[in-house]
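Asker: For reference, the chains in residue letters:
There are 2 protein chains.
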Amino acid sequence: MSKKYVYTFGAGKAEGSATMKLLLGGKGANIAEMSNLGMPVPAGFTISTDVCTEFFENKGQYHDEVKIQIENGIKHVEEIMGAKFGDPENPLLVSVRSGAAASMPGMMDTVLNLGLNETTIKGIIKESGNERFAWDSYRRFVQMYGDVVLDMKPESKEEDPFEVMIDQIKEKKGITLDTELTPDDLKELVALFKTEIKKRTGSEFPTDPWEQLWGSISAVFGSWNNPRALTYRKLNKIPPDWGTAVNVQAMVFGNMGDDCATGVAFTRDPATGENKFYGEYLVNAQGEDVVSGARTPQPVNETTKSDPSHKTLEEIMPEAYKELEGIYKKLEEHYRDMQDIEFTIQKGRLWMLQTRSGKRTAAAAVRIAVEMAKEGLINKEEAIMSIDPEQLDQLLHPTFDPEADKNVITTGLPASPGAATGRIVFHADDAEEWAERGENTILVRIETSPEDIGGMNVAEGILTALGGMTSHAAVVARGMGTCCVAGCGELQVSYKDKTMTVNRKVYKEGDWISLDGSKGEVIEGKVPTIDPELSGDFGELMIWADEVRKLNVRTNADTPYDSNVARNFGAEGIGLCRTEHMFFEGDRIKAVREMILADDEAGRRKALDKLLPYQREDFYGIFKAMHDLPVTVRTLDPPLHEFLPHEEQNQEEMAKELGITAAEVKVKVDSLHEFNPMLGHRGCRLGISYPEITEMQARAIMEAACQLTKEGVKVYPEIMIPLIGTKAELTNQKEVVVRVAEQVQQEMNIKVNYMVGTMIEIPRAALTADEVAEEAEFFSFGTNDLTQMTFGFSRDDAGKFLKEYYEKGILTEDPFQTLDQTGVGQLVKIAIEKGRKTKPDLKIGICGEHGGDPKSVGFCHRVGMNYVSCSPYRVPIARLAAAQEALYEEKQLSKTSDLRV
Amino acid sequence: MSKKYVYTFGAGKAEGSATMKLLLGGKGANIAEMSNLGMPVPAGFTISTDVCTEFFENKGQYHDEVKIQIENGIKHVEEIMGAKFGDPENPLLVSVRSGAAASMPGMMDTVLNLGLNETTIKGIIKESGNERFAWDSYRRFVQMYGDVVLDMKPESKEEDPFEVMIDQIKEKKGITLDTELTPDDLKELVALFKTEIKKRTGSEFPTDPWEQLWGSISAVFGSWNNPRALTYRKLNKIPPDWGTAVNVQAMVFGNMGDDCATGVAFTRDPATGENKFYGEYLVNAQGEDVVSGARTPQPVNETTKSDPSHKTLEEIMPEAYKELEGIYKKLEEHYRDMQDIEFTIQKGRLWMLQTRSGKRTAAAAVRIAVEMAKEGLINKEEAIMSIDPEQLDQLLHPTFDPEADKNVITTGLPASPGAATGRIVFHADDAEEWAERGENTILVRIETSPEDIGGMNVAEGILTALGGMTSHAAVVARGMGTCCVAGCGELQVSYKDKTMTVNRKVYKEGDWISLDGSKGEVIEGKVPTIDPELSGDFGELMIWADEVRKLNVRTNADTPYDSNVARNFGAEGIGLCRTEHMFFEGDRIKAVREMILADDEAGRRKALDKLLPYQREDFYGIFKAMHDLPVTVRTLDPPLHEFLPHEEQNQEEMAKELGITAAEVKVKVDSLHEFNPMLGHRGCRLGISYPEITEMQARAIMEAACQLTKEGVKVYPEIMIPLIGTKAELTNQKEVVVRVAEQVQQEMNIKVNYMVGTMIEIPRAALTADEVAEEAEFFSFGTNDLTQMTFGFSRDDAGKFLKEYYEKGILTEDPFQTLDQTGVGQLVKIAIEKGRKTKPDLKIGICGEHGGDPKSVGFCHRVGMNYVSCSPYRVPIARLAAAQEALYEEKQLSKTSDLRV
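Line by line, the protein sequences give chains A and B. If you're matching positions, the first sequence starts at 4 in this note's numbering and goes up one per residue. If you're matching positions, the second sequence starts at 4 in this note's numbering and goes up one per residue.
Each hint should be verified, as a subset may be incorrect.
One copy or two, it doesn't matter: identical chains are merged, so the pair holds either way.
Stated by the list, open to error - 27 Å max Cα-Cα, derived DSSO-like pairs, lysine-lysine:
{"id": "1", "residue 1": "Lys-842", "residue 2": "Lys-832"}
{"id": "2", "residue 1": "Lys-593", "residue 2": "Lys-803"}
{"id": "3", "residue 1": "Lys-190", "residue 2": "Lys-350"}
Derived from the structure by calculation, the hints contain no laboratory data.
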């Protein structure tokens, strides 16, 4: 049997199904599924992603078998639709659309109305009884074909030869709207377009529908590797070898007249998650018109209508709406997930064009998951798996303080929630450029388009004048978790002047504004923020997650304030408390500098004595905030020169303060200079050179712990030695800590449960973890440094070349964000294996930033760590990720983050 | 049965043997062996090193069993010697000496004449018939006991309370020599000594011989951990847990009169290796007198006599000499190695006190090994194993140019060969201090003592006014491979003025002198040097080594000159040719800077075009010098800022030269600044950012290779990409290299055998070597960087704390000198295993500096590398080390470097 390349659908059945996404793409698989479910789907066929792969392998050539199967596909459509491809009387028109396994909205190309030529148009005119519609369809087809297949698509609309010609005709006739063009105008345009095409390409515009079809299929396959698609895949981590499928489908028209419409809808509110059917539509329009934002769409139903002047689909086409209602309910029940659907109504008849899992805000995702579980549509475990942990980040950041004075200058649609403050820019490129120099920006556009993706990704927030809740800006912003206010009608944007005007007030590029994406508010200037609260659905979901996860989740916190924030987020202890952060505050830095400048141990001890009460107080506060939970305190880590000023003027100030000469300060600074401080005199190496520092810190920790114990507070200090590379280093520092700890307990006449362990952040420590574990009572992976040393990258310097590495595909993920499981992960595994060989019960955690990255949390679970530790705001993300990994391991449940890639 | 702690010897038999060095120490094991061989050894017993270990474990206490066995040991000696410990009539006197498994000359303590007190001295007077001898022995015993057991040994002789008293008596009596002291003077001194001891220690000097014995044994054990011994062990990498044995032996006296003598001898010349019995002795003296250099010793025989006024032992004690001759031959035959022996003649009777493998110069080691093999005493393989490869370094360095003008100001004994130039210092401390700031020094001393060990180790050469070929200075210098001229009689040294005077000319501290240790010449100022020649015995030994070794040995060379030097030393190719070294010469640096300053690719290419002919010429020369052998060329490695000036003045000069402003230069320098350049934009990361650099280098390599191939020269370029951490990096750079290489071959219409491989120097590359090997045609371990990243040490910065690490025992070896097999070595093994899993025949070598370190070479052999690559001067060392490892593996032969530790 020959390999199957083409899968047909239509008339209540299909060769494919929803499970075949990798082969048929998301669109193709779901159309097949809808067809199987007996829903009204225009007949068609899907050319599989295998053909895409072979297309690139064979440099644009197709196997004969592919050709045969496509020809049969067209026959299949002809039969069902009762029309014939290229037939002058009753011609079949088709659309050719891309459809990859992962949604890549607007990134690849589409050709509509294919099959039209000077002959078949007559059949369409006759059949539709609408000459203008027919010529407009032909005009659109030629234009689209020229853009997509013949590669005439320009960078900007202003340079589009077709748009220029349309504008010229409109000018000539003194009209402003496309709809005012007459059939003759459109006919003239078709002729002009064809002439221009001949001029530019040297060939006649193809009249043979088959030539049109093959050209379009190849163009859509080719668009898999266009620059926009490449960028999108990189941003969304979609493997380049997946390829796209191509869907060839009979055309249905929402623009044949006022008994036609087209729309998109969500089975639940994608912004809030509320269980109500939520959609927008336009009468007498094609799908592109709804999402482009050129006309403001209307709400589909009464429930979601906000403006009394709006006309709902429910009102004007009640039958079609009723059918749609039946379908959306069935789809949600069938897919057991909120769906994003597209439909067209042609002369009163409803056609389903697409269904897919709907993109949603984090808040919506949580609400939908929890409510679906309560409705019994899914179970708790599926609810947990349905949330992308990374997306929760949206819910875990500060929102605008409701008490703050806000000058709301206008409101738009609350398209993507969140609170953003930044400086106005008007072009995506500018947003990228400003972001590179560290500026927060708000990207203000009339409407956005797929070309703007880069700038939208770096902006703090997006504001558009046109477009609805399902506009490009809204959909993309929600996907990115970026705050967005869309369709803000009062906004006048001038790209030329780089200004936006609201109620006659002009705002220039660079001015500060704030956006409240949850309310749709545009606010002048900056607005103070407050911390999020975790309750309701979110809190419930977290309880469900905690019931199944096996990893503990701790936090990295250096202050009682952070400790409290993290505790509220569910942190089960502190995995990393960096003592050096405490060295900078107030008077302390003076004592620190005295210590560094001291000529001998006696001098250092004198200065350390001044630091001791401060450190003790710090630990007292943190231990108290974290009562009943363990707190891992790391001894001094950074090189000493970080505590000295490097500018001459500051050195002079410091000298004056300490009563010495600036020259003395400079000599010390110079003597501490290192070529590679990352690999220099820091971490345990400091404590080995100056045991009195470790002594002071151990004393401060233990005095605080003993005091609290006396007060009846339960404390579990875990003293952690950084930058261990050999067992002997740990032996040396542990001796100091234990000696002081025992002494303090004796002095204060009380016992405290304390441990001494080590960071594993030097490759050698991982490789010799069996030896290190002889001394260590716990391990904590410092994967930031471990990544730096395993890759030989300095995080401070690598920015310069890592950007190129992503562009050239040498790295696909930032190893400082997601743990490199292939390389660094091997060291982690080796260390765990060897460490537990020595001490089977060794407590092992991670305190690098990877502890808050969901993929890395999954890895930590799989390699058998006891806990992850992350920044306070990422604690819930880690809790959810840990739960998902546990479920995945136990029940092989799929993770949404895998499915929705 | 109880554990055996004490091993007796004497009267032609012994409980121990030479194989029991770890238990009995070198001295004890060899005395036992001599006793078993029927040689005249004063009876005695050895207390094993186990007792030393237990002594430290039990804080200075002994098991009862030890006490019993020692008491029995004394009985054994009493029986054989026919004398009784503490007996007033016929008292037994004993010596108590240390003796560790490894020779540690002069590092630990000794007590002689033990058993003397106011009663037993009468027996000695009666028995010896020499009252002066008896009181002198008593005086020495009390002094030694005070120094060693009662811890009264001062830092310098001038502060020694006993020496002060001796000087006072001499002054009072107007005499200058110790020998002029009368029995009454000595008796008075003994009394004065005892009073001083009482005063300082609060206790009477012990009169009970058993108390004396236990005190001495404990003191000798205790001396295992004195600071000198600790330093020596660290320098010589002797494990601290070995411990020392203690030898208690009946005293024999070389100082009882003119029919007595004492001497030390080597069975072959320790400086040249010549097969002649070579020794020195003194009539009427104790052993210390010979080695201390206080009296100039006489040659033992006519063959080695150089001064007609000298009296040889052969002349004055022909019978004893003849017996000694028989013994030395028997010992060399028995041990199959050159021996260093000590003997004493008491009233005409020869006693053997010690035999051990003799320390020798590298030249002597080679000659002895080759000659012994030819004599049939050992076989070729044993000859190979008998040389410490590290020691060959002495033979591989330049010697003074014989054509050079030399102002020889005086000559002394050629105590340790080599050529040294440096600035005069007079104290060991100064030598250390000067060395730290990078000064080359010559340490000039009247005589040296064990306290000077640190300074001797860092000085370029050692010059002494007193002492013979077996003096402390000579023995230690030879062991260290440091050039030494000893016993330079014309030299007057004033420590006070810090001057040395030769023939009335005064040389001050800091003046430059040169020493020719092979000729004994002291030369004014600096002398030019020439390269060594490798022929004769050395060449023969190398041929033998090459017959057995399996590892290839290549060299690291960047110029045709270095290539030739290495080729003469037997290099079988270049393992690392660093192209960047070529970037600095002449006009090139200008083009390099132009390239760096260029704003775009076009500008860079223009500058690179200027560099191309230079690089091609360089490679042409190197490939030609290395014809028929492979040459590994590494593409550009260092960060670009290394090629720009950092001082303002130099930036201005550069700006002028390039016709731009200094500000532009500064901007570029600043933009290239990195926080951790070691982990920054360097290695393949440069080639990925600027493929045109890799292109230029690949072109230069291939054009040179093609040209030479056309000329009939066989070339094997191996192009090596540095700093690979991921396979994708190598894929990227290999594509560039291969593309250019194919292009050049086509242009020049000739084929060249070339390979593209990679350095393994980033931990991640080692961990993912299976993937990297998919692209790499060879691996070369860059263990310098691999060590830096695995330890997290920057070599440039680690100096500050590594010193402390050695002092605190956290590291015992410099990981940049000897490969850290425990940590870094694991990555090497992982990489080899994984690399060969992908490509079973993968060629693998090492090009870090470890490639010339014998221990590391052994490791490279064991893990299955194909070659090591090292600096030209270390090629023969690597060849020998590789041969030894092969023999060790094949035949389990012991390496001298293990035995002689």
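Asker: Can you name, in rising order, the numbers of the hints this structure does not satisfy?
Answerer: Every hint satisfied by this model.
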